[in-house]
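Number of protein chains: 2
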Amino acid sequence: MVSDDSNLHPEPSGKMPAEINGLRMTRQRWETYRLLMTQKDHPTANDVFRRIQKRLPNISLATVYNCLEALVKHGIVRQVNFDREPSRFCPNLAEHGHFHDESNGSIHDVTFKPGIDLSEVLDLPEGTVITDIELTLRGKLPTTKI
Amino acid sequence: MVSDDSNLHPEPSGKMPAEINGLRMTRQRWETYRLLMTQKDHPTANDVFRRIQKRLPNISLATVYNCLEALVKHGIVRQVNFDREPSRFCPNLAEHGHFHDESNGSIHDVTFKPGIDLSEVLDLPEGTVITDIELTLRGKLPTTKI
DNA sequence: CGGGAACCTAGAACGATTCCAATTCCTGGC
DNA sequence: GCCAGGAATTGGAATCGTTCTAGGTTCCCG
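Those sequence lines, one after another, are chains A and B. For what it's worth, my numbering labels the leading residue of the first sequence as 1392, then goes sequentially. For what it's worth, my numbering labels the leading residue of the second sequence as 1392, then goes sequentially.
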């Protein structure tokens, strides 16, 4: 039996599934998804647009925005914002933050130490419902990985 | 002797100081600062612009942006971004996050429980330098405070 | 196979922010 | 106090990521 997880993250090199997570797949959505799964460097919509043209020369920027929005809305990818910079997109759905290395502009996922529940270290009134957490760090990694 | 703190946060109802935190005060900067200190509801640049016109009818939006940028650059106020919404400004310099109440659009400061150091719960390589942390929550507060 | 809905596309529109050139304001030295 | 030079302010134009719109295409289901 196919697990929910394999439904959510089908092999991006395989055949296009009829849908992912309730979102009907189209050629454009599938290529957008594939690209994000393959190139996890947090590309912007424009990055996606430029890169995807190798496979879909006629795709429009508006479609890339539409596809990204659809994928985000269905919880297939995440949209990440740094200040007022262009939004970036990330296929890592696990709870994590983002570290912006100022020495080279690269972005890295940051996870919490095991056993840490972020909502437990915050001073919030009892009964608060958290639907989304966004954590952004800025600084320098020790020796910039090559 | 005047402490650094009183220099950093002069009484917004008092006389305009020559400078704050190394930033030379001007009428426009002072009124911008006063407004943020008085109305801590995280206004946008446009909010500041509209509200400040009661005191400075001839101020321009560009000046508001300039003043806010100067105040931010000198560490006098903080700039806070939610997704791609207009930037908001906040005079609370203590380490804190922001909770965006989706039921009414209001924004509340969120502090960490005492003794918690956020950088200690994160899984970062040894030697990482963190220059800035931004934490944004979204959800609903239990009973919306009146 | 036909009709309606969902999608895609290109280009116009939008909105927050920044840039620009011209004017005004300060400040320090006389 | 007065003047020159630099800093700030101003209004409007420009920028740029994103969204909207209108028309054409594709897909699905009967």
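Heads up, some of the hints might be wrong.
Identical chains blur together in the list; that is why a pair holds if it fits in one copy or across any two.
[Stated by the list, open to error] SDA-like cross-link-like pairs, simulated, lysine to any residue; straight-line CA separation at most 25 Å:
hint	residue 1	residue 2
1	K1531	F1473
2	K1504	H1465
3	K1531	E1460
4	K1504	M1416
5	K1464	E1493
6	K1531	L1515
7	K1464	N1437
8	K1504	D1514
9	K1504	R1475
10	K1464	D1492
11	K1445	L1526
12	K1445	D1432
13	K1531	R1446
14	K1445	G1506
15	K1406	P1533
16	K1531	E1486
17	K1464	S1494
18	K1504	G1530
19	K1464	T1527
20	K1406	D1523
21	K1504	L1526
22	K1504	T1519
23	K1431	E1517
24	K1406	R1475
Keep in mind that the hints were calculated from the coordinates and are not lab data.
Give the relationship of K1504 and G1530 under a CA distance limit of 25 Å: within one copy only, between copies only, both, or neither.
-> Both, since 19 Å and 24 Å are each at most 25 Å.
request  = Could you figure out if K1406 and P1533 sit no more than 25 Å apart (CA to CA) within one copy, between two copies, both or neither?
outcome  = Classified as neither; 41 Å inside a copy, 46 Å across copies.
Between the shortest in-copy and the shortest cross-copy C-alpha distance, which are at most 25 Å for K1464 and D1492: within, between, both, or neither? Classified as between; 20 Å across copies, 28 Å inside a copy.
Between the shortest in-copy and the shortest cross-copy C-alpha distance, which are at most 25 Å for K1504 and T1519: within, between, both, or neither? both (23 Å within a copy, 15 Å between copies)
Check K1445 against G1506 for me: Cα-Cα at most 25 Å, and say if that holds within a copy, between copies, both or neither.
Close neither inside one copy (43 Å) nor across copies (52 Å); limit 25 Å.
message: Reference check for the pair K1531 and R1446, CA-CA at most 25 Å: within, between, both, or neither?
response: neither (35 Å within a copy, 43 Å between copies)
Notebook entry, point to check: Within a copy, between copies, both or neither: where do K1445 and D1432 come within 25 Å Cα-Cα?
Noted result: within (18 Å within a copy, 47 Å between copies)
Alpha-carbon proximity between K1504 and H1465, which holds within one copy, between copies, both or neither at 25 Å:
Neither, since 28 Å and 33 Å both go past 25 Å.
Query raised in the report: At most 25 Å between C-alpha atoms: does K1464 with N1437 qualify within a copy, between copies, both, or neither?
Result: within (19 Å within a copy, 29 Å between copies)
Since the copies are identical, ignore which copy is meant and state whether K1464 and T1527 lie within 25 Å (CA to CA) inside a copy, between copies, both or neither. both (21 Å within a copy, 19 Å between copies)
* Taking 25 Å as the upper bound on the Cα-Cα distance, should K1531 and F1473 be classified as within, between, both, or neither? -> both (16 Å within a copy, 23 Å between copies)
Review point. 25 Å Cα cut-off: does K1504 pair with L1526 within a copy, between copies, both or neither?
Key: both (14 Å within a copy, 17 Å between copies)
The structure fails to meet hints 2, 4, 9, 11, 13, 14, 15, 20, 24 from the earlier list, while all remaining hints are met.
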